[in-house]
Amino acid sequence: MSVRWQSLIVGLACALAGCGGDGSQMRFVENSTLAKPVHRKARAVVKTTLEEHFGAPLNSVAWLELPVKYGRAEGKITAIDDQTLSVEFNAETMDLTGFDAAEFAGTELLLTSGTNQEKAIPLASFDGKTKTFEMSSLAVVPAVGDQFVAGGNVLKHGRKLYARHCQHCHGVSGDGDGPTAKYLNPRPRDYRQGKFKFTSTAGPAGKATRDDLRRILGQGIPGTYMPAFVPMLKDGELTAIIEYVRWLAMRGEVEWQLLGQFKDEYASDRAKKEAKESGGKESEIEKQIDSQLKEFVKSGLSALVQEVAGDLADKWIAAEEEGAAIIPELARVADSPESRKRGKDLFYGKVANCVNCHGLAAKGNGAQTEDVAKNLRTGELYPTPGLFDDWDQPVKPRDLTRGIYRGGRRPIDIYRRITQGIKGTPMPGAPKTIKSDEIWDLVNFVLSIPFESPAPKTASAHSIAGQSGEKGHAN
Amino acid sequence: MSASGVALEHGHDHEHAHGAPGHHELSFIKKYVFSTDHKMIGMQFLFTTLLMMMVGGTLALGVRWQVAFPWTSMPLFGPLFAESGGQISPEFYTMLFTMHATVMIFLVIIPVLAGAFGNFLIPLMIGADDMAFPVLNMLSYWFMIPAIGCFALSFYFGGAAAGWTAYPLLADLRAAAPSSGSAQTFWLMGVTFVGVSSMMGSVNYMTTIINMRAPGMTLFRMPLTIWAMLITAILQAFALPVLTAAGFMQLFDRLDFGGPLEGIHTVFFIPSGLVVNNADPTVGGGQPLLWQHLFWFYSHPAVYIMLLPAMGMVSDMLACMCRKPVFGYKPMVFSMSAIAGLGFIVWGHHMFISGMNPALGMTFMLSTIMIALPSAVKVFNWIGTIWGGRLQFNTVTLNCAAFISMFIVGGLSGIFMAAVPVDIYFHDTYMIVAHFHYIVFGTTLFGVFGAIQFWYPKMFGRKMDETLGKWHFLLSFVGFNGAFFPMHMLGIAGFPRRYADPYIHPYLEHLMPLNQFITVSAIIMGFGQFFLLYNFGTSWFRGEKVGRNPWGANGLEWFAPSPPGHGNFDIPPVCYRGPYEYSNPNHPDEDHWMQTDPPKGKKKPEGDAGAHS
Amino acid sequence: MRKFWCGFFIFWPIAAIIYSAVSPQFNWWFPGPSVTELGQRIDNLFYLILIIVTAVFIGTQVALGYCLWRASHNKEERAWFTHGSHNLEVIWSVVPSVILLFLALYQMDVWALYRVQSFFPKEAREAPVAEVTARQFEWRIRYPGLDEHGVPKKLHLKPQPDDLYTVNDLHVPIGRPVMINLRSDDVQHSFFLPHLRIKQDAIPGQIIPIWFKPERPGNFDLACAELCGWGHYKMRAQLIVEREVEFQAYLQKLRADQNYDGHATPSAVAKKDE
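Protein chains in written order, with the numbering used here: chain A, 1 to 475; chain B, 476 to 1088; chain C, 1089 to 1362.
Just to be clear, a hint being listed does not mean it is correct.
Okay, the calculated bits of chain A under chain C, using three or more residues with CB under 8 Å as the criterion [what the hints assert, rightly or not]:
# : stretch
1 : 217 to 224
2 : 328 to 339
3 : 411 to 418
These are calculated hints, taken from the structure and not from any lab test. Note that this is a predicted model, so its numbers are computed, not measured. Cβ atoms here follow ideal geometry from the backbone N, Cα and C, with glycine treated the same way.
Only chain A is shown next, with the shape it has when bound in the complex (with noise of 0.2 Å):
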């Protein structure tokens, strides 16, 4: 019997042993609803791509082509001592307020210019005071005047970060499609498009700025399932989560657009298309294919990368320039009924034309909630009638009279979603034909309507004083 009992116990210890894994098989899903059209060889390539310059979940790549913060710390060498570096850090360096120098132990510091660039030097210690590293190895050996970026790895902290309060919702890749996804309404936001909603950059192709994806992380987005992490997630750890995310965009960009170029030359029906209108033999066909794309890997990919790779880092490091932010032109009109008078007259006017989709009663169910709309990038009519986002995923105008408002509630919030539109959804940006000061007549308007209803139905009912606010969101 006993000796039963020992095989049970030792098949129970490796069970558990077996099972509780450290999580390594967490990986990356890749896009397929754009790979799907794409030849499964091209999508290697594309993948093998991704790997090289991303790396996984686990253990990701720092790819300098790209705006993103890798390491807590970005300085200069300043001078080598043996196996001692000193250092100083950029002005622009990460919060380094309470920051552990310990951290920096075990860490490496990755070399960003010079001959080593992108080679990494393992640390053994850091020393607040005199700003010198300890090397534990001197197998790379950095030059003086190098750039380097070091400490606790930035986005590792973030993934962890990430991991453990969004995976679930956005997905391990930033689909917005992990195990809680399905049942949100509206969905989470996939990153892979490199589009938010919520900016203050130009619409409608300006990305997010830091300080975008901090307030949204911050106050969350109400009417969403997007919760404030704020108190939850410190300073520190907040800008982690934003550089993974922003790596996480990046990375699902790429591949979005390397295989949007693939897309035409390598269609994974192209063999059997070319079959079909010249009658040779797929497997021929197959192969001519495979050379091809060889051939391509080694003469033009590095150079595509490169510039899908350049034009991202562009527009990022735009949204960061001063500037990029929407400032109105003048300061908010006065809040007066007779500002929100001219507001109305906008709102239902043809010129901004606001009741098209938000309605008369500004409920969100104007007109166009009842037409069938075009998919503007397949260019096919969606199956059922209502507007559809850039995910193809049903949206609803805004239901104004409930004073929720998810880009948040502050004037010049309402004053940027009115000019620059809402990214990847119809709302589009007001016509550069309405001036400053009537785009506050209209803010000062939009703010009133859960208090003063727009009365329903025709113009007629233009007196808008006077009527309480019973369909608030007070009950």
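Since the structure of chain A is already known, use the hints to place chains B and C on it.
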């Protein structure tokens, strides 16, 4: 000790000779599947509940893993989440603890007591040949199967994830809980089926106990097990309809067939103007608190349904193991009745901070605190029973002693919760988790472990292995206390229940090591249950063969053959005295005096004489 | 073996007592002393019950262990034949019932102060500081707007145009009774302030007042204590208890932030608001 057992062994050859019906051979299906024999039904319940206990235990370990090692890959469950490196999603965690509670309460504790032991013991202990309504009895088991099926379907659709209490609107609005779609609806149907099953059982038990007692078996000669079963059946009969009604109300609120069928769309529990998951604001006029009242009106008495039978069985076992009458038999009966009676007017203590009228809080505090009184009386009586006894430490005794010891802890921790102001702080923290696990696991399940050992010979004619039984007890007891005692401290630290990742709250960060200790203890306890299963399975074939009365006990069930044939008694039993005449000085031959032994000078019953001839 | 098992049943309560006694050292205890006086009284009630319960726990467990020991080492040929004692039953019914009744009645006034509205401090009852709305999975907080002197207006049950909003960040002044209106937007939640010993469910469709008088400044945790869905554990917020001046300044800042239009300085916004 088993003198009388040996004496009665002669009767073995004459099995069936005197049994009422049951001469004819039954087909396999009739005998083992759709059996109307109360013993077979009891056994079916027992096997089902033991199986479900493994399911519920596995779910519990899943819960514990997440709390101790959040977001790391779980053993067993981990591979399901390979893509995210074994990291589970929070709604999966919510499902785990909901289904753990559901399985343990509705498919283990309630059916193991009333279903398994109630069925097996009631006719045997009162000297009846079967239940009053055998077919109803069979149906009460077979209604468990659709219940299990519904819960399985609930799993299939993602698992109910609104807690076992299914509070609206989380459970009521389909949009509110992620997997709430069909899973919660099937969950409700499962609970309803369990209710129907219990209801059939309880009608049967009441009728049987009241009408089918053997000659001489007056109410105050009934063993405490039977008293407990009777009171439990009454509790069930009066409380269950409320839950069933509430379940249907929630079902009607939820049902949405989609398409042209639409739903029923009642709004019993849905107030107006709620915005869930970006849907349109609700239109209603319902009151979510109504569900809590209805639910706890059943579920608080249900706690006693989960406890009283074990109390009765422990009283019987303890008296036998101490060779001494139960101390204060009538006070025991009265205190059980008092618990049952008060049990109906304490449900509000689950709702102290729910926002109900605060004046009710005071009323319910008074009644709740008073319910501690009969419980205290019972504890004193059990200790009194042991006092002066001649005790033998076998597995049964150990489990009974653990039962008392655990009941003291569970009862005392209940006082903190009964006191409203203190409950403000402890409500929905781990203090509650610790408290009710001490009651339904520590108390009831140790009672059940003892009862399995004690009545196993009657079920299979063989004894269970003592060494294995003691190892099982030791691992269960150590694991149990290691797992649940520290939870009191978690509760005092304000550790809320049902948190998938509590450590995002700064005041809970330092409690992770304590939780890891708890989880390791829980794994030990879970591991210990394999000893029980192994012991249960192998003793069936290899256990020591025993006669009718291996423990030298007094009850009528020990007068029947082991295992009893169809119709139970080969000799129709007649009851001459109470069930606890151990070490009676008027009966110097033996230290027990069976209820069926005729007094001196009286003629032995005919059947008995026949057996001895 | 008898000795082992008797020892076993005597050992475990001792272990439990020792464990409980050292728990505060390891911080497995209340998260600090209560910030409110009422919370302190709840703690005191807890300790009162704890003392009684510990005494009963020791008493009964020792009695159980001793009885087990006596019974398993019984040298007599037969057990003591008794069906019980009427006097003993009376004693052990009456004594606990007196203690229990005392416990129940002794708690009433704390409960009344905590929860019965007519017992609330008048100043708190008349001027709720904020409305806290729980929703999946965050706490949305609404303060009344400020008048021309920067003094908070009366909090209306329905939102007003100049209300101030924050999320997961509840600021209250120190040293005066503060009342919060609690409500829920979707499912049931529970407003749990462990450091203040405050807990109250938020019931959809109801507005439930809670009051407390914080005596100590600081940053305290606010958590949800009633299962509200998959993100139940995520509902972390903070309660910041600060001096009246800081609290007013906080409201001013909130107003300035909320009216930010890309140009205005906070004071200009304040003017334009009127």
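Hint check results:
1. 217 to 224: holds (count 3)
2. 328 to 339: holds (count 6)
3. 411 to 418: holds (count 3)
Comparing the model with each numbered hint stated earlier shows that all of them hold.
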